[in-house]
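Participant: Sequence:
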Amino acid sequence: MKAAANDQRWGASPLTMEELETGLRMLGRGGIDQNEFWDANIDGFRQTVVLAIRETSAALQSREMTLRWRTELEAQLPALVQYLELADRYIARRARRARLRCHIN
1202 MKAAANDQRW
1212 GASPLTMEEL
1222 ETGLRMLGRG
1232 GIDQNEFWDA
1242 NIDGFRQTVV
1252 LAIRETSAAL
1262 QSREMTLRWR
1272 TELEAQLPAL
1282 VQYLELADRY
1292 IARRARRARL
1302 RCHIN
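Whatever position you read off the sequence shown (first residue = 1), add 1201 for my numbering.
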């Protein structure tokens, strides 16, 4: 996964499949500081979800898509939106923590 948190919210690159799988394995094993993990990876995760929403939406515009695939993709969109909202809440919370640290120091 990413080595350090990206300070630019939209400057992050989407995560690769390998990075996503590595992150899931790290989280699944436990023994890591989850706040540190997400601080380092949330921006890339958010960009990955945004890309997935764009690609899913573009695919749904295809007239050649079968009903089975259209139904599958339409069912995935709400979950992707929820992931995006979750990432945005985490980023906002991280920004508030950073502002508090600045005021304390």
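FYI, nobody ran anything at the bench for these hints, they're computed from the structure.
Predicted model only: the values in this text are computed from it and were never measured.
Accuracy of the hints is not assured; some may be wrong.
[What the hints assert, rightly or not] Okay, the calculated beta carbon distance ranges per label pair:
1) D1234 - Q1262: 39 to 45 Å
2) G1232 - M1266: 23 to 29 Å
3) E1222 - T1272: 24 to 30 Å
4) E1273 - G1231: 29 to 35 Å
5) A1296 - R1269: 28 to 34 Å
6) E1237 - A1276: 18 to 24 Å
7) A1293 - I1254: 32 to 38 Å
8) G1232 - Q1262: 31 to 37 Å
9) Q1262 - R1226: 32 to 38 Å
Even glycine gets a Cβ: it sits at the ideal position worked out from N, Cα and C.
Participant: Of the numbered hints stated previously, which ones are contradicted by the structure, given in increasing order?
Facilitator: 2, 5, 6, 7 and 8
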